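*Asks:* Line by line, the protein sequences give chains A and B.
Going letter by letter, the first sequence gives residues 1 to 421 in full-length UniProt numbering.
Going letter by letter, the second sequence gives residues 1 to 421 in full-length UniProt numbering.
Hints listed in this document are in silico derivations from the structure and should not be mistaken for laboratory results.
Note that the structure is a prediction, hence the values are computed from the model and not measured.
One or more of the hints may lead you astray.
Since copy identity is lost for identical chains, a pair holds within one copy or between any two.
As the list claims (entries may be wrong) - Mimicking EDC-like on lysine to aspartate or glutamate, the simulated pairs with C-alpha atoms at most 20 Å apart in a straight line are:
hint, residue 1, residue 2
1, Lys13, Glu83
2, Lys54, Glu182
3, Lys109, Glu97
4, Lys54, Asp322
5, Lys13, Glu326
6, Lys300, Asp159
7, Lys106, Asp345
8, Lys300, Glu277
9, Lys54, Asp250
10, Lys106, Glu375
11, Lys62, Asp159
12, Lys300, Glu326
13, Lys109, Glu305
14, Lys54, Glu122
Next come the chains, spelled out residue by residue.
2 protein chains.
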Amino acid sequence: MSEVREKAELAKKSSAQLAVLTTEQKNEALSSIARSIERHADRVLEANEQDVQKGIDSGLSKALLDRLQLTDARLKDMVKGLETLIELPDPVGEVLESWERDDGLKIEKVRVPLGVIGMVYEARPNVTVDATGLGLKTGNAMLLRGSSSARHSNTALVDVIRHGLEETDVPVDAVHLVESAERSSVQEMLTLNDLVDVIIPRGGAALIQRVVRESSVPVLETGAGICHIYIDCDARAEMAQDIVVNAKTDRPAVCNAVETVLVHTSWAERHLRSLLELLRERGVDVRGCPRTQSLAPFVKQATEEDWDMEYLDMVLSFKVVDSLREAVAHIHQHGTRHSEGIVTDNRETAEAFLQQVDAACVYHNASTRFTDGFEFGFGAEIGISTQKLHARGPMGLPQLTSYKYVLRGDGHIRGGGPTSC
Amino acid sequence: MSEVREKAELAKKSSAQLAVLTTEQKNEALSSIARSIERHADRVLEANEQDVQKGIDSGLSKALLDRLQLTDARLKDMVKGLETLIELPDPVGEVLESWERDDGLKIEKVRVPLGVIGMVYEARPNVTVDATGLGLKTGNAMLLRGSSSARHSNTALVDVIRHGLEETDVPVDAVHLVESAERSSVQEMLTLNDLVDVIIPRGGAALIQRVVRESSVPVLETGAGICHIYIDCDARAEMAQDIVVNAKTDRPAVCNAVETVLVHTSWAERHLRSLLELLRERGVDVRGCPRTQSLAPFVKQATEEDWDMEYLDMVLSFKVVDSLREAVAHIHQHGTRHSEGIVTDNRETAEAFLQQVDAACVYHNASTRFTDGFEFGFGAEIGISTQKLHARGPMGLPQLTSYKYVLRGDGHIRGGGPTSC
């Protein structure tokens, strides 16, 4: 039997035990993992040092090395993350709905864990601990597959996690790391429909697209964010400026940062030049359509490709439009259904935008940067879903659960004609 | 451009219009489709006659011919189905949750349509109308791909549906039939991630498995039902007997019919023989493990394959077990997570079963036959999901929707340190 199937079978078996644990039992396990990480910090940092050294030797970029690197502070963040999870309510067991039929048959819809979650992720070793914490809190077993560049770190972390579980009611087999560096091991995970209930990819667009394309197991897609802000003719100049500056410069490398600003022509004539100058002063590389350029000659020309770019950087493209309709059509064509905003003092225009734009999060007079599980008050975040099935937008703990129907009768049998089944 | 992509693009475009229609506008369209079917009944029946004749010529089985055949009564059922949908509440626009942050930013979670639903289905032409009704009621555009054996019927029905839409606010392009008989046209539908939001397969296990395997678009899997009933040592003889007879014989060809009965040894010794005799009298082909056979010699031997068979017929297999644990383990190994029941007067045993068994619907002292959208009171049913993402068990109208977050601010920008994004 392959490594992947063997570990998936153990995870599946343990998921049945996990599903019936109390919140207290799961919290104790999280706490025990946190203590284990503290106790074995040196070992984890040593293993990480091996990965970092290998990364330097093989010419990994500075950005990737930074993601790979673990420090005392980053280990403390992991521990803090687990402690936060302990404080959060456990969604499992929640009765979502209940009703009784006329014949007395009682039906309850109850939250249950998903079962086995397969995580496929890149460089950052903190995902190993963060994802395991989220999974265990919601009663799920974890099958983890990190990147080979973080192999020593992940192996050490999973050892430390499993060591922590030894003293608890959560079975050690609830957490597994796939150690094979073969690409085929990912392929195998993605097709284990009998053992894995959901695959969550975390990483760059290439990884996510590969998983979406190859997986027959249902996927929770956390996709790219080509986010837009539309400045309407009725937008206040200062508000529009503050929102655009915040949405671009607060943290340009994340998915909820704005990438393209659409500007109504009448607002553009009055205020666009000073907005562009301000952005340039803040170090933003500004690109624009010919109408934008005619208002501010220092703006570089935006090509067709710009409208489909997730810059993840201090770059912002501008397009002047003649109407709400044109703005919505541009977003429909180039957006990734992540986060889209309008700035306007006209309520009707705002409501039309909010209704017509199809995205996980739509904003009126606010920065797109709020698309975040913590900002939403979820206390934890698995990622931001850009698909429409199961969960959309920021995902918290309830999004790692399913439900089942529990029916209690007293000898109830079904009579009469068939309806659907 | 291929037929599939062209039609998917038109559907996608129309889905933006559909999403903002009122319930009244959508109901009017459903009513207009119903009238169009009544008006063009002869044309539909004529087209269907061509398919049936072709089916007879090519040696289609009697069961398949029956599914293919349309009659006045079946057309009336379609019309009645549409009229039922008009009466049902429209889930779109429902505010699922709403809250306000301390800084005054308001967040609303609102139900929205999925967008474009791709249906891949077999013989029954009624799916063409039923699925379209469900999809339009929930504001979704439909891309339909029926089987080639029903090609004339489906073409006529979609023509009649689109004709009905002409007089309404629902765009005609909201409903398309893929006419190509090439298998590659299905393949193409399953990978149109930019245009199709969800694929729903309806048909036999082979079709569903193919779709699950090949689709990169998210799938709503409506799977097979290998359902079990466990008769505990504390089960009343008559109740157990009534439930098993109902769950097997009421409608053996459907997914919620029971396929295997697990019997506690002490109940078996007292009552199993008479249950087996009763089932034989009712025309059920009874198979069993050696312990079952030793109690009733007329029982055929069940092979290992029997435990993994969805008979969909008047066949039932029996296995004697020594404990709840053994019953749960058997279900875990052989069940399809559809519907599983226990018969017992012992509350504790019942609760342990309900909690430990992982299935869409778990039953105490009731027939598994209740797993049905209409029996659940949903008023409509898309199918019964056996996956855990998005929806599980019977799916009604709300399961054809997603949600989006609508955020309303007054110049809100994000400050302070980054959390997750």
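*Asks:* Run every hint past the structure and note whether it holds.
*Replies:* Hint by hint, here is what the structure shows:
1. In this assembly of identical chains, Lys13 and Glu83 lie within 20 Å of each other by CA distance neither inside one copy nor across copies; the values are 27 Å within and 47 Å between.
2. In the homo-oligomer, the alpha carbons of Lys54 and Glu182 lie at most 20 Å apart inside one protomer (18 Å), although the nearest pairing across protomers, at 51 Å, exceeds that limit.
3. For a Cα distance limit of 20 Å, the shortest separation of Lys109 from Glu97 qualifies both inside one copy, at 5 Å, and across copies, at 18 Å.
4. For the identical chains of this complex, Lys54 and Asp322 are neighbours neither inside a copy (54 Å) nor across copies (56 Å), given an alpha-carbon limit of 20 Å.
5. With identical chains, the CA atoms of Lys13 and Glu326 are at most 20 Å apart between copies only, with a shortest distance of 14 Å across copies and 54 Å within one.
6. When the C-alpha separation of Lys300 and Asp159 is checked against a cutoff of 20 Å, the pair qualifies neither within a copy, at 52 Å, nor between copies, at 51 Å.
7. Taking CA atoms no more than 20 Å apart as the test, Lys106 paired with Asp345 passes between copies only; the shortest distance there is 16 Å, against 50 Å inside one copy.
8. Taking CA atoms no more than 20 Å apart as the test, Lys300 paired with Glu277 passes inside one copy only; the shortest distance there is 13 Å, against 86 Å between copies.
9. Proximity of Lys54 and Asp250 under a CA criterion of 20 Å is satisfied in neither setting, with 33 Å inside one chain copy and 66 Å between copies.
10. In this homomeric assembly, Lys106 and Glu375 come within 20 Å of each other (Cα to Cα) only across copies, at 12 Å, whereas the closest approach inside a single copy is 38 Å.
11. For a Cα distance limit of 20 Å, the shortest separation of Lys62 from Asp159 qualifies neither inside one copy, at 28 Å, nor across copies, at 60 Å.
12. In this assembly of identical chains, the alpha carbons of Lys300 and Glu326 never lie at most 20 Å apart, being 22 Å within a copy and 71 Å across copies at closest.
13. For the identical chains of this complex, Lys109 and Glu305 are neighbours neither inside a copy (47 Å) nor across copies (33 Å), given an alpha-carbon limit of 20 Å.
14. With identical chains, the CA atoms of Lys54 and Glu122 are at most 20 Å apart within one copy only, with a shortest distance of 16 Å there and 55 Å across copies.
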